[in-house]
Amino acid sequence: MRTIDILLFVVFPYVAVALAVLVGLYRYFFDRFSFSSFSSQFLENRALFFGSAPWHYALLIILAAHVAGMFTGFWSRFIAPPSRLYPLEAFGAALGLSSVVTLAVLSVRRLFNPRIRKVTTLPDWLLVIVLMAQLAIGVYVALFYRWGSLWYMYTAVPWMISLAKFQPAIQYVTSLPWIIKLHYLGGFLLLAIFPFTRLVHVVVFPITYLWRPYQVVIWNIRRRFAPAR
Amino acid sequence: MDVRAQVSMVFHLDKCIGCHTCSIACKNIWTDRKGTEYHWWNNVETKPGTGFPTLWEDQEKYRGGWERDPRTGKVRLKLQGKLGTLTNIFYNPYLPRIDDYYEPWTYDYENLFNAPLSDDQPTARPISMVTGEYIDTVEAGPNWDDDLGGSPVYADNDPNLKNLSPEERRSMQELGNLVFFYLPRICNHCLNPGCIAACPAGAIYKRGEDGIVLISQEKCRAWRMCISGCPYKKVYFNWFTGKSEKCILCYPRLETGQPPACFHACVGRIRYLGLILYDADRITWAISQPDEHLVEAQRTVILDPFDPDVIRNAKANGITDLMIEYAQRSPVYKFFKLWKVALPLHPEFRTLPMLFYVPPMQPVQAVQRNGVYETVDAGQAGLAPMLAALEKNRTPIKYLASLFSAGNEQIIREVYHKLIAVRIYMRFKKVGDVTPGDVQRALQLGQTTPEECEAIWRLTSLPTFEERFVVPPLAREMAVENQFPELDPERRNFPTYRAEVGFGFRKAPERRW
Numbered sequence: 001m002r003t004i005d006i007l008l009f010v011v012f013p014y015v016a017v018a019l020a021v022l023v024g025l026y027r028y029f030f031d032r033f034s035f036s037s038f039s040s041q042f043l044e045n046r047a048l049f050f051g052s053a054p055w056h057y058a059l060l061i062i063l064a065a066h067v068a069g070m071f072t073g074f075w076s077r078f079i080a081p082p083s084r085l086y087p088l089e090a091f092g093a094a095l096g097l098s099s100v101v102t103l104a105v106l107s108v109r110r111l112f113n114p115r116i117r118k119v120t121t122l123p124d125w126l127l128v129i130v131l132m133a134q135l136a137i138g139v140y141v142a143l144f145y146r147w148g149s150l151w152y153m154y155t156a157v158p159w160m161i162s163l164a165k166f167q168p169a170i171q172y173v174t175s176l177p178w179i180i181k182l183h184y185l186g187g188f189l190l191l192a193i194f195p196f197t198r199l200v201h202v203v204v205f206p207i208t209y210l211w212r213p214y215q216v217v218i219w220n221i222r223r224r225f226a227p228a229r
Numbered sequence: 001m002d003v004r005a006q007v008s009m010v011f012h013l014d015k016c017i018g019c020h021t022c023s024i025a026c027k028n029i030w031t032d033r034k035g036t037e038y039h040w041w042n043n044v045e046t047k048p049g050t051g052f053p054t055l056w057e058d059q060e061k062y063r064g065g066w067e068r069d070p071r072t073g074k075v076r077l078k079l080q081g082k083l084g085t086l087t088n089i090f091y092n093p094y095l096p097r098i099d100d101y102y103e104p105w106t107y108d109y110e111n112l113f114n115a116p117l118s119d120d121q122p123t124a125r126p127i128s129m130v131t132g133e134y135i136d137t138v139e140a141g142p143n144w145d146d147d148l149g150g151s152p153v154y155a156d157n158d159p160n161l162k163n164l165s166p167e168e169r170r171s172m173q174e175l176g177n178l179v180f181f182y183l184p185r186i187c188n189h190c191l192n193p194g195c196i197a198a199c200p201a202g203a204i205y206k207r208g209e210d211g212i213v214l215i216s217q218e219k220c221r222a223w224r225m226c227i228s229g230c231p232y233k234k235v236y237f238n239w240f241t242g243k244s245e246k247c248i249l250c251y252p253r254l255e256t257g258q259p260p261a262c263f264h265a266c267v268g269r270i271r272y273l274g275l276i277l278y279d280a281d282r283i284t285w286a287i288s289q290p291d292e293h294l295v296e297a298q299r300t301v302i303l304d305p306f307d308p309d310v311i312r313n314a315k316a317n318g319i320t321d322l323m324i325e326y327a328q329r330s331p332v333y334k335f336f337k338l339w340k341v342a343l344p345l346h347p348e349f350r351t352l353p354m355l356f357y358v359p360p361m362q363p364v365q366a367v368q369r370n371g372v373y374e375t376v377d378a379g380q381a382g383l384a385p386m387l388a389a390l391e392k393n394r395t396p397i398k399y400l401a402s403l404f405s406a407g408n409e410q411i412i413r414e415v416y417h418k419l420i421a422v423r424i425y426m427r428f429k430k431v432g433d434v435t436p437g438d439v440q441r442a443l444q445l446g447q448t449t450p451e452e453c454e455a456i457w458r459l460t461s462l463p464t465f466e467e468r469f470v471v472p473p474l475a476r477e478m479a480v481e482n483q484f485p486e487l488d489p490e491r492r493n494f495p496t497y498r499a500e501v502g503f504g505f506r507k508a509p510e511r512r513w
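These protein sequence lines are chains A and B, in that order.
Numbering follows our numbering, in which position 100 of the first sequence is assigned residue number 100; successive positions increment by one, without gaps.
Numbering follows our numbering, in which position 183 of the second sequence is assigned residue number 183; successive positions increment by one, without gaps.
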C-alpha cells in the first residue's frame, strides 16, 4: 500500500465526511439564514426552465441508482437478466449525458446573464466546476468502461462499506484505472465542499410539507391559559 | 367558538389623494436595502389599472389564493397541491419575474459633474440596480400607470373590466366620463393566507396573539411558492439574499404603541387600525361559501366584542381584558361589521383579507347639452339625482363588485346607499338645502339612522389620531414574562430569550457562503 493511496482512499473520505457533518452542523446552528437554495428564477426564467428541472430530475435518478447499487443483494438480482441490464446502462448513460447538457445550460446562464452573474458567488463557481467534472467523468466511465452497474458492486461498494466499518480495505479500488478512481474521489470531494456551498439546500428539502397543516400559527404566550387544542 | 384577536385595518378610499406618502414612509424604513429596491410593501395603484406587479389580479396568470370546487364546495390552493409543490420546486411555472414588477434603477448622477466639456448637455443615464449596467429604455417602474385611468394600454387591461358590457367599457374611456380612483395596498394579514399555505418550508406564520403574518428569514429557503400563493402579490423576493420578505405591519412600532409607518404618514388620514375578535372555528366554513356570500360570511367570522359570550370565550383563550376593551373601541369593527360600509379587496381569493376598504364616492355621468355640461338626471329637485344616479356612476357597480364583493352587486349598492344617506343627512343638518322628505328617503334607502349617519360622518371626517389608530396593547414583553413566572432576583435566573423576541440578527443578512 502506497502512502498516496492511503491518503486518497482512507484519509480523504473520512476528512470529507467529517467536514460535511461538522461544518454542515455548524452552519445549520450558527448561520441558519444561509441555508437557502438561492433560487435565481425570479431574475431569469427561460434558460432555468430548460436547465433546472431536467437537471435536478436526472441527477436525482442517477443518485438513486448509485444508492440502490449499494444494496448488492437486491441490486445483483435486479440487474441479473440482460433484458434489464442493457436498457439500464443505456438509460443511465442518457441521464448522465442530459445532466451534463443541462448543467452546461445552467453554467452558460450563470456566466452570460448579467443579472445571474450578480448573484453568483465564488463557492457557486467551485460547485459548478466540481459537479461538471464529476458528471463528465461519470459519463466517460459509463461509455468506455461499460457494465458499471455490475462492477460498481465489486469495487466502490465494498470499499465504502469497509470505510463505514472503520476497517478500510482499499485493495478494492487501488488497482482500478485512474479515471474511475477520479470519479470515486470526486464523489467525496463533493461531500467535502457540500457544507461550504449552496448544496446545503439538499438537506432541507421540505418533505414535511406533505403532512404539515396548511396554516402555521405561532403563539408567543403558548396559550398558557387556553384549553389545550 | 375559538376567539382570537387580529390587528386589522380600514382604508377609506374617499379620502385617498394618491400622494404615495405611505409608500415612501414604508420604503424609507424597511425596503431601502440591496435586493429590496423594487419591493413596495405599501403601494398605491390607480384603478382602473393593471396594478403592481402588472396584472396581479389575474389569477389565471399567477394562480394565487384559493379556489372552490363548485361540486363539492371544498377549497384548495389554486397554485397546486402539496405533491405538486414538491415536484415543481425546481421550477415554479407561475412565478412572476422581476420584469413583471420592474428592474430597479438609479441614475448616473456623477456624469453630470464629471462629463468632459462638450457641445451637448451631459445626461444622467439610468443604471440598473441589479446588474449595475446602463439601461437604454426604462420600461416599467413603481406606479408606472399612475393617474392613467382611461388609457388603452393600462386601464383597459384591468382584469376587473372583464365582466363589463362593451358599452360600459366605452363609457369609462369617454373623455367627459373618464374616471379613476386610488387603491393603496399593503399585506392584508389574512385569516387564511395563501402564502403560508403555499410555503413548503413552513417559514411563514401568523402570530397567534395579533394575527400579523411574518416570514422567518432563518427558515425561508427560497422555494418561492409564497410569491405565487399570495393572490395580492404582497410577498416579495429579495433577489440578493435569496429570501422572501413582506409587510410586517411595522410590528416593532405596534408593540411600542405606535401605528405602522404608512398609517402614521398618511396625508389624507384615510387609514384606520384596530383590533378585531374573530372566531377561528368559522374560517373553514367561511372560505367554502359561494362567491356571492363571501363578504357576509366574513362578517360572520368577525365577532361582536360586546357580546358576553364572546368576551367569556376570549378570556378563556388568554385574550386580556385590556385587549377586549380595545377591540370594543376598534374603528375597524365599526366600519366593517357594525356599519357595513367597508369591504374586503377581492374576497373571491378566499384568504379572508383583514384590510377593508370603504369604497370611494364616484362622480355621476355627465353629458354636454346645448353647450352646458351637466350631470345625467340633473334638473330634478334637490339631491334626488344623487340617490337615483347610483346606476349612472361613472364607475359601473359591476366594476366595484369585481373589486370588493366577488361580483355581488347588491352589497355594493347597500354600501353606497348608506354612504349617500350620510352625505344627504349631513347636508340637511349643516347646509339645510335638502328637504326632510329627501332625507327620510335617503335614510330608508341606506337602511340607516340619523345617529349612525352622525357616527359614520364623525369617524370619516373628524377622527382624532387616537380614534383612527386604536393601537392595541400587545404587551409582547409581558407575554414573554408570563412564560417564566418564577424569576428570582436572588438566583439571577433571568432567561435571555434569544431568538424568541426582537430581531435576533447578529450578522448582516447577506450571502457569506
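Honestly, the hints are just simulated from the structure, not real lab data.
Treat each hint with caution, since some may be false.
As the list claims (entries may be wrong) - Some chain B residues well away from chain A (every beta-carbon gap over 12 Å; in silico):
{"#": "1", "residue": "30"}
{"#": "2", "residue": "68"}
{"#": "3", "residue": "73"}
{"#": "4", "residue": "227"}
{"#": "5", "residue": "306"}
{"#": "6", "residue": "444"}
{"#": "7", "residue": "508"}
Unchecked claim - Stretch-level coverage of chain B by chain A, calculated; a stretch enters the list once three of its residues show a Cβ under 8 Å from a Cβ in chain A:
{"#": "8", "stretch": "10–19"}
{"#": "9", "stretch": "217–226"}
{"#": "10", "stretch": "284–298"}
{"#": "11", "stretch": "320–327"}
{"#": "12", "stretch": "330–344"}
What the hints assert, rightly or not - Here are the simulated BS3-like pairs of lysine-lysine, each with C-alpha atoms no more than 25 Å apart in a straight line:
{"#": "13", "chain 1": "B", "residue 1": "334", "chain 2": "B", "residue 2": "430"}
{"#": "14", "chain 1": "B", "residue 1": "34", "chain 2": "A", "residue 2": "118"}
{"#": "15", "chain 1": "B", "residue 1": "507", "chain 2": "B", "residue 2": "15"}
{"#": "16", "chain 1": "A", "residue 1": "118", "chain 2": "B", "residue 2": "392"}
{"#": "17", "chain 1": "A", "residue 1": "118", "chain 2": "B", "residue 2": "507"}
{"#": "18", "chain 1": "A", "residue 1": "165", "chain 2": "A", "residue 2": "181"}
{"#": "19", "chain 1": "B", "residue 1": "430", "chain 2": "B", "residue 2": "398"}
{"#": "20", "chain 1": "B", "residue 1": "162", "chain 2": "B", "residue 2": "430"}
{"#": "21", "chain 1": "B", "residue 1": "162", "chain 2": "B", "residue 2": "507"}
All C-beta atoms, glycine included, are put in the ideal place defined by N, C-alpha and C.
Structure-based check of each hint:
no.	hint	verdict
1	30	holds, 18 Å
2	68	holds, 15 Å
3	73	holds, 17 Å
4	227	violated, 8 Å
5	306	holds, 22 Å
6	444	holds, 43 Å
7	508	violated, 10 Å
8	10–19	violated (count 0)
9	217–226	holds (count 8)
10	284–298	violated (count 0)
11	320–327	violated (count 0)
12	330–344	violated (count 0)
13	334(B) with 430(B)	holds, 24 Å
14	34(B) with 118(A)	holds, 12 Å
15	507(B) with 15(B)	violated, 42 Å
16	118(A) with 392(B)	violated, 53 Å
17	118(A) with 507(B)	holds, 21 Å
18	165(A) with 181(A)	holds, 21 Å
19	430(B) with 398(B)	violated, 33 Å
20	162(B) with 430(B)	violated, 41 Å
21	162(B) with 507(B)	violated, 49 Å
Consistency note: the structure conflicts with the earlier hints numbered 4, 7, 8, 10, 11, 12, 15, 16, 19, 20, 21.
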